[in-house]
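Student: Protein chains in written order, with the working numbering: chain A, 1 to 186; chain B, 1 to 189.
Bear in mind the hints are in silico, worked out from the structure with no lab data behind them.
Don't take each hint at face value.
When the alpha-carbon atoms are kept at most 27 angstroms apart in a straight line, the in silico DSSO-like pairs for lysine-lysine are as follows [stated by the list, open to error]:
no., chain 1, residue 1, chain 2, residue 2
1, B, Lys153, A, Lys12
2, B, Lys104, A, Lys150
3, B, Lys104, A, Lys182
4, A, Lys182, B, Lys156
5, B, Lys153, B, Lys185
6, A, Lys150, A, Lys168
7, B, Lys104, A, Lys36
8, B, Lys89, A, Lys182
9, B, Lys185, A, Lys127
10, A, Lys182, B, Lys153
11, B, Lys134, A, Lys36
12, B, Lys185, A, Lys168
13, B, Lys185, A, Lys124
14, B, Lys181, A, Lys150
15, B, Lys181, A, Lys124
16, A, Lys182, B, Lys127
17, B, Lys181, A, Lys131
18, A, Lys182, B, Lys181
Simulated coverage check for chain A against chain B, where a stretch passes if three residues somewhere in it have a Cβ under 8 angstroms from a Cβ of chain B [unchecked claim]:
no., stretch
19, 56-62
20, 97-111
21, 122-131
22, 144-155
23, 169-179
Ranges of calculated distance between the beta carbons of each label pair, as one might list FRET restraints [to be verified]:
no., chain 1, residue 1, chain 2, residue 2, range
24, B, Ala155, A, Gly137, 43 to 51 angstroms
25, A, Pro61, B, Gly172, 35 to 43 angstroms
26, B, Phe119, A, Val6, 53 to 61 angstroms
27, A, Gln177, B, Arg120, 42 to 50 angstroms
28, B, Asp187, A, Val6, 16 to 24 angstroms
29, A, Arg31, B, Gly53, 34 to 42 angstroms
30, A, Lys30, B, Ser4, 46 to 54 angstroms
31, A, Val6, B, Ser66, 24 to 32 angstroms
All C-beta atoms in this analysis are idealised placements derived from N, C-alpha and C, irrespective of residue type, glycine included.
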Amino acid sequence: MEPSYVIRKATKGDCQQIVQLIKELASFEKRKEHVKMTPEVLQRDGFGDHPYFHCLVAELPGATQDKATKSAEHTARDTGKVPDSKIIGYALYFSSYDTHNGRAVYLEDIYVCPDFRGQGIGTKMWKQVGKMALDNGCCRMRWAVLDWNKQAIEFYAKMGGWDVTNGKGYHLYQLDQADLAKLAQS
Amino acid sequence: MEPSYVIRKATKGDCQQIVQLIKVTLRKELASFEKRKEHVKMTPEVLQRDGFGDHPYFHCLVAEISGDAQATQPTENTGGDNSKGSDTKLIGYALYYFTYSTFKGRMVYLEDIYVCPDFRGHGIGTKMWKQVGKTALDTGCCRMQWTVLDWNKRAKDFYSRMGAWDITNGEGWHLYQLDQKDLAKLDQS
């Protein structure tokens, strides 16, 4: 029997588990050393009066001992208790703006624990973010993908996404905090 | 004589002029896409609604020149309508919004930065850039991001001078998009 799951808006109380999943995603992207995020920062930035982001979570009600993932093991070790429910995926997104066409959505992360893939959880979260974008009058949804991530590229193609970097020649540029500080002093 | 200008936060009254400048930026991009049929859907009313409410979708700086050659310090326009009998003119803008890195936290994304060609070479773009960068720092942002078209050599040189790097070439990041019509199809599937 397929385990049941729910997809719902994240709450403050989910932040510890979400950060664990962020670290799992970072490991997969070979960038785990870049993660500085903590549950407290995520709570501060996502659940105040002017949140910097919105987040959906996919939750399994009740601990599933036979499909325990690294996330559950870490949470149990850190808190000393097995959670009653377990978050097995999340989709974090925020509003953005296109000066030509108006409101837009940017999907920063979408992740489902490997043990729970193949059940349509990622697709369901994706569609929910897409629906919210439409309902909010957004002209498009954007996100970024690493060029070697074949699995993600195939998923996005299935969802109707297209590569703006290859198609239009857009390159992503970045100014890191240390260089922002130098710029401010110059 | 050097033109005198101020850089200040945009107000509702600036939206008509900002939309005119936005249309110019689209014409420049379209120069390299001969067969694309796109037009700017943005209007001053939409820009006002989205940028000047309780939860703005973006923030905007404008560079304004006035007839007064002695103007020095930037002063904030408290809501006057620039289009009625004013001798000021907007000659640039920088539109940005806050984004989020799940690894590092708050970020700023610079959507557009533009200075009218006649007013380039006076450091106006650099000044707007620095001001957005300072806002990013003051708000605790870990970085600033934006996109640039790969053929835009002038912009790439400007960004390199500012200390920026190309994370598409450097780390392999590709930007993907789902257009509105495909969002609608997804919703019905």
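Student: A separate judgement is required for each hint: does it hold in the structure or not?
Tutor: Against the structure, the hints come out as follows:
no., hint, result
1, B:Lys153 / A:Lys12, "violated (45 angstroms)"
2, B:Lys104 / A:Lys150, "holds (25 angstroms)"
3, B:Lys104 / A:Lys182, "holds (19 angstroms)"
4, A:Lys182 / B:Lys156, "holds (19 angstroms)"
5, B:Lys153 / B:Lys185, "violated (37 angstroms)"
6, A:Lys150 / A:Lys168, "holds (20 angstroms)"
7, B:Lys104 / A:Lys36, "holds (5 angstroms)"
8, B:Lys89 / A:Lys182, "violated (31 angstroms)"
9, B:Lys185 / A:Lys127, "holds (10 angstroms)"
10, A:Lys182 / B:Lys153, "holds (24 angstroms)"
11, B:Lys134 / A:Lys36, "holds (22 angstroms)"
12, B:Lys185 / A:Lys168, "holds (23 angstroms)"
13, B:Lys185 / A:Lys124, "holds (14 angstroms)"
14, B:Lys181 / A:Lys150, "holds (25 angstroms)"
15, B:Lys181 / A:Lys124, "holds (18 angstroms)"
16, A:Lys182 / B:Lys127, "holds (14 angstroms)"
17, B:Lys181 / A:Lys131, "holds (12 angstroms)"
18, A:Lys182 / B:Lys181, "violated (43 angstroms)"
19, 56-62, "violated (count 0)"
20, 97-111, "holds (count 10)"
21, 122-131, "holds (count 4)"
22, 144-155, "holds (count 5)"
23, 169-179, "holds (count 10)"
24, B:Ala155 / A:Gly137: 43 to 51 angstroms, "violated (30 angstroms)"
25, A:Pro61 / B:Gly172: 35 to 43 angstroms, "holds (38 angstroms)"
26, B:Phe119 / A:Val6: 53 to 61 angstroms, "holds (55 angstroms)"
27, A:Gln177 / B:Arg120: 42 to 50 angstroms, "violated (28 angstroms)"
28, B:Asp187 / A:Val6: 16 to 24 angstroms, "holds (20 angstroms)"
29, A:Arg31 / B:Gly53: 34 to 42 angstroms, "holds (36 angstroms)"
30, A:Lys30 / B:Ser4: 46 to 54 angstroms, "holds (51 angstroms)"
31, A:Val6 / B:Ser66: 24 to 32 angstroms, "violated (58 angstroms)"
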